[in-house]
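Enquirer: Chain residues, written in single-letter form:
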Amino acid sequence: MEHMNTARPRPIRCKAAVSKAAGQPLEMEEVEVAPPRAHEVRIKILCTSLCHTDLTFWRMKDFPAMYPSILGHEAVGVVESVGDHVEEVAVGDTVVPVFLAQCGECADCLSARSNICSALPPNAATGMPRDGTTRFSLAATGEPVHNFIAVSSFAEYTVVDVAHVVKVGAALPPEKACLLSCGVATGVGAAWKVAAVEAGSTVAVFGLGAVGLAVAQGSKMRGAKRIIGVDLNPDKFDIGKRMGITEFVNPNDSGDKTVSEVIKEMTAGGADYCFECVGSAPVMAEAFRSSRMGWGKTIVLGMDGNAAPISISSIDIMRGRSVVGSLLGGIKPKDDIPVLAQKCLDKELELDEFITHQIGFHEINSAFQLLAQGKSLRCIIWMPGAKEMEENAA
Amino acid sequence: MAAGEPLVIEEVVVDPPKAHEVRIKIVCTSLCHSDVTFWRMKDFPGVFPRIFGHEAFGVVESVGEHVEELAAGDAVVPTFLGQCSQCVDCRSARSNMCTNPRFAVRPGMPRDDTTRFSDGEGNPLHHFLGVSSFSEYTVVDVTQVVRVNPAMPPSKACLLSCGATTGVGAAWKLAKVEPGSSVAIFGLGAVGLAVAEGARICGASKIIGVDLNPEKLELGKEFGVTHFINPKEVGDKPVSQAIIEITEGGADYCFECIGLAALMNDAFQSSREGWGKTIILGVEMHGAPVSLSSREILHGKCVMGSLFGGVKPKQDIPVLADKYLNKELQLDKFITHEVDLENINEAFDLLLQGKSLRCTIWMDKDQ
Numbered sequence: 001m002e003h004m005n006t007a008r009p010r011p012i013r014c015k016a017a018v019s020k021a022a023g024q025p026l027e028m029e030e031v032e033v034a035p036p037r038a039h040e041v042r043i044k045i046l047c048t049s050l051c052h053t054d055l056t057f058w059r060m061k062d063f064p065a066m067y068p069s070i071l072g073h074e075a076v077g078v079v080e081s082v083g084d085h086v087e088e089v090a091v092g093d094t095v096v097p098v099f100l101a102q103c104g105e106c107a108d109c110l111s112a113r114s115n116i117c118s119a120l121p122p123n124a125a126t127g128m129p130r131d132g133t134t135r136f137s138l139a140a141t142g143e144p145v146h147n148f149i150a151v152s153s154f155a156e157y158t159v160v161d162v163a164h165v166v167k168v169g170a171a172l173p174p175e176k177a178c179l180l181s182c183g184v185a186t187g188v189g190a191a192w193k194v195a196a197v198e199a200g201s202t203v204a205v206f207g208l209g210a211v212g213l214a215v216a217q218g219s220k221m222r223g224a225k226r227i228i229g230v231d232l233n234p235d236k237f238d239i240g241k242r243m244g245i246t247e248f249v250n251p252n253d254s255g256d257k258t259v260s261e262v263i264k265e266m267t268a269g270g271a272d273y274c275f276e277c278v279g280s281a282p283v284m285a286e287a288f289r290s291s292r293m294g295w296g297k298t299i300v301l302g303m304d305g306n307a308a309p310i311s312i313s314s315i316d317i318m319r320g321r322s323v324v325g326s327l328l329g330g331i332k333p334k335d336d337i338p339v340l341a342q343k344c345l346d347k348e349l350e351l352d353e354f355i356t357h358q359i360g361f362h363e364i365n366s367a368f369q370l371l372a373q374g375k376s377l378r379c380i381i382w383m384p385g386a387k388e389m390e391e392n393a394a
Numbered sequence: 395m396a397a398g399e400p401l402v403i404e405e406v407v408v409d410p411p412k413a414h415e416v417r418i419k420i421v422c423t424s425l426c427h428s429d430v431t432f433w434r435m436k437d438f439p440g441v442f443p444r445i446f447g448h449e450a451f452g453v454v455e456s457v458g459e460h461v462e463e464l465a466a467g468d469a470v471v472p473t474f475l476g477q478c479s480q481c482v483d484c485r486s487a488r489s490n491m492c493t494n495p496r497f498a499v500r501p502g503m504p505r506d507d508t509t510r511f512s513d514g515e516g517n518p519l520h521h522f523l524g525v526s527s528f529s530e531y532t533v534v535d536v537t538q539v540v541r542v543n544p545a546m547p548p549s550k551a552c553l554l555s556c557g558a559t560t561g562v563g564a565a566w567k568l569a570k571v572e573p574g575s576s577v578a579i580f581g582l583g584a585v586g587l588a589v590a591e592g593a594r595i596c597g598a599s600k601i602i603g604v605d606l607n608p609e610k611l612e613l614g615k616e617f618g619v620t621h622f623i624n625p626k627e628v629g630d631k632p633v634s635q636a637i638i639e640i641t642e643g644g645a646d647y648c649f650e651c652i653g654l655a656a657l658m659n660d661a662f663q664s665s666r667e668g669w670g671k672t673i674i675l676g677v678e679m680h681g682a683p684v685s686l687s688s689r690e691i692l693h694g695k696c697v698m699g700s701l702f703g704g705v706k707p708k709q710d711i712p713v714l715a716d717k718y719l720n721k722e723l724q725l726d727k728f729i730t731h732e733v734d735l736e737n738i739n740e741a742f743d744l745l746l747q748g749k750s751l752r753c754t755i756w757m758d759k760d761q
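Those protein sequences? They're chains A and B, same order as listed. Just so you know, we're using this note's numbering here: the first sequence kicks off at 1 and counts up by one. Just so you know, we're using this note's numbering here: the second sequence kicks off at 395 and counts up by one.
Among the clues, some could well be false.
Stated by the list, open to error - With a straight-line cut-off of 27 Å between C-alpha atoms, the simulated BS3-like cross-links for lysine-lysine are:
(1) Lys717(B) x Lys600(B)
(2) Lys567(B) x Lys193(A)
(3) Lys708(B) x Lys727(B)
(4) Lys225(A) x Lys241(A)
(5) Lys436(B) x Lys412(B)
(6) Lys193(A) x Lys570(B)
As the list claims (entries may be wrong) - What the simulated footprint calls covered on chain A by chain B, stretch by stretch (three residues with Cβ under 8 Å from a Cβ of chain B suffice, anywhere in the stretch; the number is not a length):
(7) 143–150
(8) 294–304
(9) 317–328
To be verified - Heads up, incomplete: computed chain B residues facing chain A, CB under 10 Å, no partners named:
(10) Thr620
(11) Gly653
(12) Trp669
What the hints contain is simulated information worked out from the structure, not anything from laboratory work. For every residue, glycine included, the Cβ atom is placed at its ideal position computed from N, Cα and C.
One chain only, chain A, in its complex shape (with noise of 0.2 Å):
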């Protein structure tokens, strides 16, 4: 479409698939997406894959959701040009977007117990970080189209903050990168800097999809010694097993039994560690539930679509128990995401597992639906002309 351009860059016209009402199919359009302005950088994206936070924007009416907008923000891509005071990753770079920023100078990103960038913090608002402004409109009439969590990898070429993206080097297959820009990284973080669990522990996973089940790898990499999957759907227990899951427990089987009575039972009292991976404030109080009296630790990674708010017995809670959640596991993207990325050509973290699908970015509206039926983990959406280079590439 476009040849790489060092000099002054230019708008871009591609295709961007675009979410114009709540739950409705995206439509893919052609938009304008503007030069990179300063510690900007804009990034042809090779693949892109459909996250459940994705989801959960998708089908909001209200705001935080704005329309018309471009979603999507685990994806993989080139570096096609850069603005102003850009040092750090260079033309033709292969880097991944994050919707958490790293500026790596503010008391967050300066301390090993955060990994909020307080200079450039995350919130749901559309607009570029630095200037809440977009950097995309339709073609056709120059409407201005949002942005979504400082990402938007639904569109060919996308502009991001260069505190936003991470440089991880054409080694690893970009499928498997993409991966790392979110949901993975969100759960092998959240077991390795969150909970930082220690050989031998008892772990509990609400939800068995992408997220879940790279905590139970997460956990299985740290030795945790029972990884107890919580799911409805039956079919996750095969590949669970195959991610590190030790046992199984599907609330539609535990009778009048809660599941976290049954947790108890299993575990003599509760899990070490419980973590919630689907993003419903009443599956975040049964995991609390779920969690052993002494040290007991609930971790949240699921987003509740609807802000709901989770209720927590008091007197459960004062008997060592405690709750904490987190954004992209704990990562710090730039220092953390090419370890990640490091281990899975070390072949310590297997990822092939998470792909189910694959399919070409006119079809992006499949994504959507094989997720939201539960048929998938992750869908690699591959944009026009990308998979075909990584094949010759191999």
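Add chain B to chain A, keeping to what the hints say.
Expert: Positioned in the frame of chain A, the structure of chain B alone reads:
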């Protein structure tokens, strides 16, 4: 005798200690708000007639079978939380929730659920938290008895039996407040001020106290409180916003030291994104659940609760006693009043009117 009714001084019979039990001659005791919470409770686990009190200092009078670690004459504090030193939790540094026997609010002794107290007519009287220190003599399970340095003044040792230890322990062991931290404390009673004292010792740079009682402003200053917020005087602004302004983003550590779910939520909202920790110490007065924003928690916040500030009684109380004796830890300022046993109801009045921190109740005033 009944929920919310003044205590009645009676002659009681205290049975000898059974196996693994210790009979203690109480020297002094003090009133903690948790006594008040259960004293007001009409339904289970509120039970009557009951001997309350769980913060005390005394001397071992006799021991039951299989008690080796203590002997008659030992200076001790009874604790509502036990430490058997052998169960999985006792052997872990991460937990203070001994399971042998397990903590519960029960009417009887922890191992057999029976009582050691009866009145003049032989009617049973219920225990409270296995301590029941509003009595000249009480029987306590050996796991709940901690020997203290005899050099400790009784009324100060008494404070280490619950309130002061809970607050200092929470700052020191549970939160692990580091130098330069910002701390917000909801409720400047004895526990809240003990958190302030603990935070001070740990080098916190900002200690924000929140209380409805304006008199706590001056008192708080003595304990190291650097900023005072009275929720009635912040206008339309929520308290959490005031704290976020003072700390430029939220406090590193927020402690709830009252026992109200709405305040636990305020404390959570006042904590800093990225690493802010909320520590729940107050026993919820109505047993109400805490309601936490599922969105806010994703931004790196943590909520934790504990009994006794995460302290392991037999291991940590002697450490705090030493810190008092070498003047690192200040306890004298917690004691605002003294009465003797006959006037114990005054202690309730003073606490309920917000006029006291700790009122020492002397069994025998001459001590």
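Enquirer: Each hint should be assessed against the structure and marked as holding or not.
Expert: Hint by hint, here is what the structure shows:
1. Simply put, lysine 717(B) and lysine 600(B) have alpha-carbon atoms about 23 Å apart, close enough for the 27 Å limit, and the pair holds.
2. Only pairs whose Cα atoms come within 27 Å are accepted, and lysine 567(B) paired with lysine 193(A) is accepted, the gap being roughly 21 Å.
3. Annotation: proposed proximity of lysine 708(B) to lysine 727(B) holds, straight-line Cα distance about 24 Å (limit 27 Å).
4. Distance restraint check for lysine 225(A) and lysine 241(A): the Cα-Cα separation of roughly 13 Å lies within the 27 Å cut-off, and the hinted pair is therefore satisfied.
5. At most 27 Å may separate the alpha-carbon atoms for a hinted pair to count; lysine 436(B) and lysine 412(B) exceed this at roughly 30 Å.
6. Restraint check for lysine 193(A) and lysine 570(B): satisfied, since their Cα atoms lie roughly 19 Å apart, inside the 27 Å limit.
7. For the stretch 143–150 of chain A, the assignment as covered by chain B is violated, since 0 residues bring a beta-carbon within under 8 Å of that chain's beta-carbons and 3 are needed.
8. Residues of the stretch 294–304 of chain A lying with their CB closer than 8 Å to a CB of chain B number 6, which satisfies the three-residue condition for coverage.
9. Here the stretch 317–328 of chain A counts 11 residues with a CB under 8 Å from a CB of chain B, which clears the bar of 3, and the coverage holds.
10. The criterion of a C-beta within 10 Å of any C-beta in chain A is not met by threonine 620(B), whose closest approach is roughly 20 Å, and the hint is violated.
11. The beta carbon of glycine 653(B) is positioned within 10 Å of a beta carbon in chain A (closest approach about 8 Å), and the interface hint is therefore held.
12. The beta carbon of tryptophan 669(B) comes within 4 Å of a beta carbon in chain A, closer than 10 Å, and the hint placing it at the interface holds.
Of the numbered hints given earlier, the model fails hints 5, 7 and 10; all others are met.
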